[in-house]
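Peer 1: Read top to bottom, the protein sequences are chains A and B.
Here this note's numbering = 1-based position in the first sequence + 607.
Here this note's numbering = 1-based position in the second sequence + 162.
Bear in mind the hints are in silico, worked out from the structure with no lab data behind them.
Note that the Cβ used here is the ideal one computed from N, Cα and C, for glycine as well.
There is no bait here: all hints are sound.
With the Cβ distance kept under 10 angstroms, some of the chain A side facing chain B (calculated, not the full set):
id	residue
1	720
2	723
3	725
4	726
5	729
6	737
7	746
8	747
9	748
10	752
11	754
12	756
13	758
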Amino acid sequence: MKPPPCPADSPDVSDPHVDLVFDPDKLRIDVYLVRGESVSVSQASADLAPAGPANLLLFDGEHHSGLLNEHFIEVRRRWYNPNKWLPVLASLMLYSTPWSLTTFAALLAGRKHGASRDEWLAHLAGDPGYQFGRWGQLRAALGFVAAAARFRAEDAADLAMRPADAILASRFLSGLLAWGLVGVMILFIVRHDGRWGLVADIADPIALGGILCLLLKKARERRGIKLPEPKPRRPRG
Amino acid sequence: MRVLDVIMNAPPDDPAWGLRICEQSGHGAGSVYPALERMLRFGWLEDFWEVPQPEDRPRRRYYVVTGAGRAAYQEATAMRDPRKAASWRMTPQPEGGA
Numbered sequence: 608m609k610p611p612p613c614p615a616d617s618p619d620v621s622d623p624h625v626d627l628v629f630d631p632d633k634l635r636i637d638v639y640l641v642r643g644e645s646v647s648v649s650q651a652s653a654d655l656a657p658a659g660p661a662n663l664l665l666f667d668g669e670h671h672s673g674l675l676n677e678h679f680i681e682v683r684r685r686w687y688n689p690n691k692w693l694p695v696l697a698s699l700m701l702y703s704t705p706w707s708l709t710t711f712a713a714l715l716a717g718r719k720h721g722a723s724r725d726e727w728l729a730h731l732a733g734d735p736g737y738q739f740g741r742w743g744q745l746r747a748a749l750g751f752v753a754a755a756a757r758f759r760a761e762d763a764a765d766l767a768m769r770p771a772d773a774i775l776a777s778r779f780l781s782g783l784l785a786w787g788l789v790g791v792m793i794l795f796i797v798r799h800d801g802r803w804g805l806v807a808d809i810a811d812p813i814a815l816g817g818i819l820c821l822l823l824k825k826a827r828e829r830r831g832i833k834l835p836e837p838k839p840r841r842p843r844g
Numbered sequence: 163m164r165v166l167d168v169i170m171n172a173p174p175d176d177p178a179w180g181l182r183i184c185e186q187s188g189h190g191a192g193s194v195y196p197a198l199e200r201m202l203r204f205g206w207l208e209d210f211w212e213v214p215q216p217e218d219r220p221r222r223r224y225y226v227v228t229g230a231g232r233a234a235y236q237e238a239t240a241m242r243d244p245r246k247a248a249s250w251r252m253t254p255q256p257e258g259g260a
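All chains should be built: construct the whole structure from the sequences, respecting the hints.
Peer 2: Pasting the structure below:
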C-alpha cells in the first residue's frame, strides 16, 4: 500500500532508538497509525532502513482528523529477513502488539461479536485512574484472544447442538430416536438368538428404552428445553 | 458472582465497563468478557454505548443489571450463603470460641 503524502507540519512520532541486536541492513520500519493525521517518519529512522522505505500503514484503514493520541500511534521496528523464517510463535511474541492482537481477537470472534473490537480498544486505552504498562496491555490483549476463542467455541457448540435441540424439543423426534434404537436392538437380538432369544433377553430392550428416556429427560433439563403440551384427545362420540 | 457484584455495586451515573469490571473483580479479560456475553444472552444484563463518543479514545460499552439479573443474583447469593455457612461449620472451631 502506498503511503499517503505527509504534510510538512505533521508530527514526528517515530522512535529513533537503535536496537543493536538487529542488523540495520535488514531492518524495516512500520508506522502503525490508528487514529490521527498523517505521520512522517524522521530521517533518523528512515536511515535505519536502507533496504526499503518505511511503510506507513493505517491501522483503521482510514484517516481520522481527530486528536493525535500517543496511545494509538506506534512505531514498530521489525527485523526482516526473508531467508530465515522465525517460528510462528516467536514471531508473534516479537512482532505482536496489543493492538494487532486485539484486531486479531476481533477477527477471531467473528461478525456476531463485532462490537467487541471497540469495547476491547476502549479497555486498552485505559482509564484516567488506571493506565496500563506495556506488559499489562499485552496481557489484556492475550485475554481478548482467549475471550474470542471462547466466543468461537461457544458459537460452534451452539451450532452443533441445534440438531440435538430440535430432537429434544420434538416429542415425535425424541420418540423416533428412542424407539428406533430399541427397535434396532430387538432386530439384533432376533437375528442372533431368534425369537426365543428375544423372550429370554426382553429385559435388555426395556432397559435401553428406560435409559434413553432418562437421558432425553436429563438432556432437556440441561438445555432448558420444555416439550410442548400434548394435544387433548377428541372426546369419542 | 464477582462480576455481577461489581456491576451491581456500580453507581448509576458511572456504570461498570470492561476494564473496571476486570480490575474490581480480579478476573482477567479472557474470562470476564465471555461471562458478560453469557449474562447478556440470559437477559441478566443490558448494555449500552457511551454517548457522545469521546474524541481522544474509543467509546466504552457499559453494563447494567436487569430485574432478571437481580433475581438470579439473589438466588445465587442465597445458595452461596448456606454453603459458606456449612463449610464454616465444618472447620474446627477453637476451644472456648463462640
